[in-house]
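> Each chain, letter by letter, is given below.
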Amino acid sequence: DAKTTQPPSMDCAEGRAANLPCNHSTISGNEYVYWYRQIHSQGPQYIIHGLKNNETNEMASLIITEDRKSSTLILPHATLRDTAVYYCIVRLLASQTGANNLFFGTGTRLTVIP
Amino acid sequence: GAVVSQHPSWVICKSGTSVKIECRSLDFQATTMFWYRQFPKQSLMLMATSNEGSKATYEQGVEKDKFLINHASLTLSTLTVTSAHPEDSSFYICSARGRRLWDTQYFGPGTRLTVL
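These protein sequence lines are chains A and B, in that order. Position 61, counted from 1, in the first sequence is what our numbering calls 792; the numbers after and before it change by one each time, with no gaps. Position 101, counted from 1, in the second sequence is what our numbering calls 104; the numbers after and before it change by one each time, with no gaps.
Bound-form chain B, shown alone:
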């Protein structure tokens, strides 16, 4: 149980385009989802937290107009990187917590974004 999936697993796009990444909780309802970013040889950095049906809360320094997060259902959250630039190339990881899973976050496999 407690499986989180992400799609796509990797994506290459041109500078200036937008990319959408999906995060799904497959066997539980995720009341809260989190988006992290990880640059090479660095640790995970939290970007934003979203509760189902509410606006996401962004960490300091993360542009909310650039990283659009939607958490419209209890099993799906999306992160859209708008007008992507090469410096946005990173490993994006989502995690989810369900109301019945005692406070444990479960992570997706990650999406590697490369912006040319």
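Isolated chain A (complex conformation):
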């Protein structure tokens, strides 16, 4: 699986958009970008994933650059409850590799400030 690079920490004002970047310059053509977050002392929560098109769901938007070497997770209106560690993970689908494990890096610690 391709390696990802994320800033260790970010702050965001409550109510503003939080833009979390992720670099994955060695991503291969059939690897997906997944985002999870982990609120303190809880299990990780799935947010969104995508291959090359931008994706949006009720939680967030995922913007993937045309060359797929980086992506940005956008929380449109950050709240205090969005304070968490956000993990960007690049991996193949289980159906393609037979494996299905997620390897977590160090992530970005997002702090939403009142």
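Since the hints were derived computationally from the structure, they do not count as laboratory data. Any given hint could be a false lead.
[Said to hold, decoys possible] Here are a few chain B residues that face chain A, going by a calculated C-beta distance under 7 angstroms: (1) SER46; (2) LEU47; (3) ILE96; (4) GLN108; (5) PHE110; (6) GLY111; (7) PRO112; (8) GLY113; (9) THR117.
Glycine included, every Cβ here is placed at the ideal spot set by N, Cα and C.
Use these hints to put chain B onto chain A, whose structure you have.
For chain B alone, coordinates are given in the frame of chain A:
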């Protein structure tokens, strides 16, 4: 949908005893379950992968005789920490993937184990 539960949420035990942690998929059938461990201020580390009805596959450095994993049904996996020692104190998290949930893993809330 896609809810995973763990029990207990926290446990304190004496050194040398065994502790069992349950992981259940509440609204889907989990063909594959994963067990992770997380030490303070560190990221999640995969311990083992289990497929229903099969023996678990352990990551390098994880003792299979110490961390017993059973995945006897499509909704339940258990992790037993045998002869626990203080260095086994950690946050244990399970995750599950179902055959009808497109390749997404869903995580339980975690179990905090403290060994005295």
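> Decide, hint by hint, whether the structure agrees.
Structure-based check of all given hints:
1. SER46: 5 angstroms, holds
2. LEU47: Because about 4 angstroms separates LEU47(B) from the closest Cβ in chain A, which is inside the 7 angstroms limit, the hint holds.
3. ILE96: 5 angstroms, holds
4. GLN108: 6 angstroms, holds
5. PHE110: 4 angstroms, holds
6. GLY111: 5 angstroms, holds
7. PRO112: 5 angstroms, holds
8. GLY113: 5 angstroms, holds
9. THR117: Status violated, d = 13 angstroms.
Comparing the model with each numbered hint stated earlier shows that hint 9 is the single one that does not hold.
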